[in-house]
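S.K.: Take a look at the letters that make up each chain.
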Amino acid sequence: MAKKKVTNVNLVQRPIKKWAPLFILPTFAAFCIGFVWPFLQGIYLSFCNFNTPKDAKWTGIVNYTKVFSDAGFMNAFKNTAAFAIVSIILINVVAFFIAYALTQKLRGSNLFRTVFFMPNLIGGVVLGYIWSMIFDGILKQYGTYLTANGTYGFWGLVILVAWQQIGYMMIIYIAGLQAVPEDMLEAARIDGANSKETLFKVIIPNVMPAITTCTFLTLTNSFKMFDQNLALTGGLPSVIENGAKVNVTELLALNIYSTYNINKNWHGVAQAKAVVFFILVAVLAIAQQAATRSKEVQQ
Amino acid sequence: MKKLFALLLTLAMVLSLAACGAKEEAPADKGENAPAAEETGSVYYLNFKPEFDEALQGLAKTYTEKTGVEVKVVTAASGTYSDTLTAEMAKDEAPTIFNIGNMSGLKDWDEYALDLKDTALAGELNTDGFNLYNEAGELKAMGHCFESFGIIVNVDLLNAAGYELSDITNFETLKACADDIHARAGELGFDAFTSAGLDGSSSWRFSGHLVNMPLFYEFRDDGVVEQPATVTGAYLDNFRNIWDLYITDSSADAKTLSTSTGDESKAMLTEGKAVFYQNGSWEYASLTEAGLTNLAMIPIYCGVEGEEKAGLCSGTENCWAVNSQVSEADQKASLDFLYWLVTDAEAAQVVVDQLGAIPFKSAPESANGFLADGNELASAGNYTVTWAFNHTPNVDSFRATLVTALTAYSADPTDANWDAVVSAYVDGWAIEYATVNG
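Protein chains in written order, with the working numbering: chain A, -17 to 281; chain B, 3 to 440.
Source of the hints: derived by calculation from the structure; they are not laboratory data.
Hints are supplied without guarantee of correctness; some may be wrong.
Listed next, the in silico DSBU-like pairs over lysine-lysine satisfying Cα-Cα at most 35 Å (straight line) [unchecked claim]:
| hint | chain 1 | residue 1 | chain 2 | residue 2 |
| --- | --- | --- | --- | --- |
| 1 | B | K257 | A | K60 |
| 2 | B | K119 | A | K39 |
| 3 | B | K334 | A | K246 |
| 4 | A | K246 | A | K39 |
| 5 | A | K246 | B | K74 |
| 6 | B | K177 | A | K122 |
| 7 | A | K39 | B | K51 |
| 8 | A | K36 | B | K93 |
Please build the complete structure, drawing on both the sequences and the hints.
M.R.: In structure tokens form, the structure reads like this:
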């Protein structure tokens, strides 16, 4: 063994700190080019009438007034909110209990984990088309079809997304459950806690970080839902209600996309919708983070 | 291990920097060559038809070899043309030739399209019928090929059922023939119509093409030549006639048309399970390749007075526009290239083989049997049913509502459900018009 060297931490760190900006530069530049600039340009364009970004003309808040008078957008907002609530609860509850079951040292639990995780590896568009065939195949027996009304489409999407995301959230919950300190569980057992008490008083408070992560992911995923919505129903059925056109099963992202494709006068409106959408998702996500973080315990 | 990891990260960073550097060099390099390119100009053709891509790439290469003018051909993936065009137009090297599909497309791209009126290319046209003019009366997009749709008939099967093509001259005779074949389907081994599928791969045949019948006739009666704010639906009963025939005289289950695809419908024709199949001249090559030799295309009859003199529905969504915002040299090079495409004997032959018929003076005859049927009808003095649906406002949304209503009606053909179809057509048009122009 060589003799122990005493290193002055400051001596090592000072030159590194001096050069830090240089090391940050490439990533920071990429972040600016790939995110900050397009984001600022997007906000600017939401106040413009444009066909291509080159010929943008400033029009003020006209686009935003159109956003809030659009029946399709309001309908998509309601759908998205309902969809988010249902899928957040369903996915997290089911994923948690599957994870709980699979950490109970069952035979073949590794196999189950793999199988439950696998749907997550299939792309959204493919899943949408496959599930539309499955649902239509089932509904055919009853002489009806998936796009016959909004209810089928809505629950179809919920089932699809639950099937796809439960496996992913399950993995996060398994990691959280395995991190619950064994001594704490043992202490609970010695103190005479039954399994229900152990679950709600010991395990759940300890997996709060995983719950925070999973609710955040399911919340943002639900709001950003696009491919599955497009491939499963494409927003159909499309009906006329009270003199306005409404795509019954359309969610926000798909509504923004189809708004853009109406014609060039709607490009700016779609952009304005996207800005509103961003603010909405950001506010909800921050609120959710604050709410679940406050319940986390120090281990 | 840690050292290796750090080394890899450093390497990745250096490489990404190097990549940035390389990109920056590219335009500088161009700068030196730019003056030379300015003089002759170059062509960037953003192609609309995926099936034309391969032939067009070949033609571009030939043209470059002959003249030295650089021709770049890019084809947008099917269904993404407007997205691709928007993205490409925003670039410094924008397309010099692009496609405008219809009047609403022209409204979007008017500022980018050159007036083609006095060009040599325009002098080669043999009809003005497929061109798009803006409000100022400038020729902004030139229809360079046309297509026809109608009811494709497997004549062998029709004969086997005891009918001749000449027996069908209007809706009554079509219905009599189809009803009879449907009634005897078990004994004949085939049915009258292929499935009227309303899946996305097939529904455009009806929400887009079949709906052209009521639109065309009401526009004809009302003298409509520009996109109207409202439609009356005066001929929707005729639309119902023909739609009822499609869903009744077919072996397909009308309750599940929402999942019935275009391929299924086509297979019913190619496998000899049905006589009639509504589609267009673009299907000719694939149907003959599938082994059908005795095919004909007849007009879509729906019970309108005087329809014995109807022809096929002919029109186009393929109109060339030249970008007015690129350099004059590039504009000239583009016009020269297009002129060569339609006047050079070999090039024009390739274009005709790929696109069917093209409306230019020196172009060779098309080998497409359906277009020949259309010509025959036109020569016999029958009126051509133009593509009135090109006026449709916010076309995808209009069609989606119509498909929703048609699907519900087909599953349960009641008058109440038909009212929803009428509403999708009449109210839907007004709503979409307000959306687009509001």
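S.K.: Identify every previously stated hint that the structure contradicts and give their numbers, smallest first.
M.R.: none
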